[in-house]
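Guided by the hints, dock chain X onto chain Y, whose structure is given.
From first to last, the protein sequence lines are chains Y and X. Per my numbering, the very first residue in the first sequence carries number 9; after that it's consecutive. Per my numbering, the very first residue in the second sequence carries number 1353; after that it's consecutive.
Derived from the structure by calculation, the hints contain no laboratory data. Yeah, the Cβ is synthetic: ideal placement off N, Cα and C, and Gly gets one too. Check the hints yourself; a few may be wrong.
Some, not all, of what chain X presents toward chain Y, calculated at C-beta under 8 Å [stated by the list, open to error]:
{"id": "1", "residue": "Arg1418"}
{"id": "2", "residue": "Asp1421"}
{"id": "3", "residue": "Val1505"}
{"id": "4", "residue": "Asp1508"}
{"id": "5", "residue": "Gly1675"}
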Amino acid sequence: MSEPRASRPRAPFRNESPLELRRSANRESLAGALAELDASLPIAVPTLIGGERRHSADFGSTDPGNPECLVATAAEASEHEVDVAVTLAAAAGRDWSRRTAEQRAGALIAAAEILRRRRLELAALEVRECAKPWPEADADVCEAIDFLEYYAREAIRLETGPALGQAAGEHNSLRYVARGVVAVISPWNFPLAIPAGMVAAGLAAGNAVVLKPAEQSPATALALIEALREGGVPIEALSLLPGHGEVGAALVRHPQVQLIAFTGSGAVGIEIVREAADTQDRQLHLKRVIAELGGKNCIIVDSDADLDEAVPGIVRSAFSYAGQKCSAAARVLAHEQVYETLARRLAGAVELLRVGQASELDTDVPPLIDAEAQDRVLGHIERAASSGQVLAEASTPAGPGWFCPPTLVGDLDPTSPLLHEEVFGPLLAIEPVASIEDACAAVEALPFGLTAGLFSRNPETIDEVARRLPVGNLYVNRQTTGAIVGRQPFGGNRLSGSGSKAGGPDYLAQFMEPRVITENTTRHGLVVE
Amino acid sequence: MKPATIAADALEREIGVVGREIAARLPNAAAHPIRAIDERIMQATTRDRELRAALFRLVDVTPACRSLDDLARHLAGFAAEVEDRPKPLDAAMRAARSKAGRVTLGAAVAGGVRHMAHRFIAGESPARATAELAHLWDAGIGSSVDLLGEATVTSDEADRYLARCLEALEVLAAATADYAAHPLLDRDPGGRLARANLSVKVSALTPLIRPEHPRSGVDDAVRRMRPLLRAARQLGAHLHIDTESVDTRETTTELLFELLGEPEFQAGPSIGIVVQAYLRDSAAELERLLDRVDGAGRAQPLGVRLVKGAYWDHEVVEAGQQGWSPPVFEEKTECDRNFELLSRSLLDRVHRDPGSVRVAIGSHNLRSVAHAVAYSRLAGADPPALEVQVLRGLGDDLARALADSGLRTRVYCPVGDLVAGMAYLVRRLLENTANSSFLSEQADGTPLEQLLAPP
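One chain only, chain Y, in its complex shape (with noise of 0.2 Å):
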């Protein structure tokens, strides 16, 4: 693991390295970490609204790899509930604002610390409750620490507005400040990281926020909320309520919630956008919706890409945590020229593929997350073997556990939905394509536009395709997942979302309004500046 460091808000911005777990040393203590979880689960998650704490447990989260393994028991938010919550954070809000951006980071990046601190046991968590396998969960946990380091230095940057034309006798000047209360809701696919991206920039920013995490992770959302409490957030502005989409339905409509930051499905992220749009009674403002939805991501192979790492970084590319990333690759568009040695070379790379549990390091596909999701996927494999050719199947291990073997199909018919619609599974589909042209006019005429990947040695194809793909990350002769904060900024256009970068310099500043101070600084014709 790093070094420790000191939480030092003006220190610049440096990323948490991930476990070299290459060295057998590191992956010694992995065991005993999980282990240690094991012995205290199952984990009671309450409903936090300021000082109040009400245990029930009236749903919980259990292990995909071995669903009668109780992870967490949580409370159900209740319609009440919510509008306490979100009434108290009203209130909290206007003093936690009023703090300067240096104390606000101050206390995000103390909340960082404490998660650096209990890293192994969160990734333990991670490992369980959503069955990330170690390296991922490992990284979930780096991502989590590292929006928390970046949104709080974000905040003290954007605390000077930028310069404004000035003339003699008045004073102009731009400050950015708090909307007011921000509503979080958020997956469990990257159950640390993308909560505490949304929370850490709302409470940067100077909001209260009220989480509701997804119902299939609440016990990794309850540390997040427990470390920025610790590290010095007033409970007042930030609560936790667990519970399933009423609760998050309920937040929405919420006429004191003035931002709503969902990342999750299109369909509900559409609903949100809808609800939120209607005004209600008590209502002053228009509510701002910030969501980041899913994809149907393509790469594309042009016919001089070094396969040799073309096909490695497909395969990481759709396959690892099953598929089941927003940025995860559905599509490979391949030049005709090397369509058959690729598919030919991608199929037996997928058949080897080991499907098994999160726990064990040689996993390279863990179990889908729930009963639903596998159902849902399997149907789609199934659709997908008649209406194309499967070129490859993993085998998938006996026992308990939501498993789906990961699958490569071709000759897919091109109307076929599985095309243009998001599975969020270990599915794959490959064409050919006669052009580079024809693989780019393929992506834009999908609704979606988050990742693409491209694979090529030529400067100019490489340029082209970056004019003309409208997703929001293009990645060149890489896979197309594990975006770092600092270094990729990650978000998508078009129906994948609003547009503006997590971990990056344009996403802060969502979460605040601007307002221009003019000051006429002349009294009675005299200039008393």
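Using the frame of chain Y, we list chain X on its own:
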């Protein structure tokens, strides 16, 4: 023979003697006009990072280009990214604007790559390389063959590599059987030396290298290594397991000792491994290796090839992106010093117990080679209890000079398709034309005293 008896100043004096002896046998550029032109190209690329990048990207993509036109377009694309373009490159860019110009230019590039490939690649197949290997033997130089090929990402590809290795062993054993006797190359203090010598890469023998789970690769590679070891034993050939990046190191080491521990292989064949001196933990790693050799109790000494390491850029970039401390020395002098430290550890072991380990010094650095030779000589070994290994294409002159100086010398010979193979060699070239390379310093006319000075 006790290492403590060798005084530092005596060693330095002897290094000077050995170094001058070898240097005196190196040819000068005037004797090889064509080679001198190649050297000039290599030198130009060592001085200009952008130019070097353009050249290597071009060689790298050549096998994937579908026509001469396509190749010329790539050249123009790479050239456009070189800011300070030499005149010929500007001319090339102009030529690339017309179809006819591109065909001419593409043909010139393809020809250039093939020309370069002939220098670095001993033949397109083991059978086609045998004449070249026999030629080396006649000059008193042994060889180790390395089969070039695409990366292994499927089981079929691993099986195909195994089949190529088995075929190579047969071809090499048959071809070397009737070589004239050469006592220096046929025997060393550890016993009989195999003439047929094949270097293999673990990453080519299994598609399942998992840095965070070395067992996956070991279990998959071991079932392909066994038939290879059986064939080598039966044919009296030597198998050398190359070391690659740190991501594959544990897999490679564990694979080696799993095989060495199997009763079936107690008596043979002769096996070797590589230690990379640029790794910060290589001294500790070598110590563990030597301890485990003692435990294995095999009849044949374990070959250890000491090299600087050819994945420096990769290691530094990967560590930088992950925020890890680089596993390699970042200063050339640190690495050179470590190379000498490891040389002495290995030689101490060989002098004490020649039945347990054999040493190969894989280096083009005159100082590093002279140091090992001098150390062994001062310990009383005559001829020195080591072998020097160099790369074909880069160390050819050095190999001849070493052999003429009475040193056991082996050339590492890549074998495979000329155009595709050249692309696979790019990484090694990149490393060896780096600014700190001895060869470029020598070509630059750096005085001998400076080249032989302690790091």
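Margin query: Of the numbered hints stated earlier in the document, which are not met by this structure?
Written below: Hint 2 is the one this structure does not satisfy, whereas the remaining hints hold.
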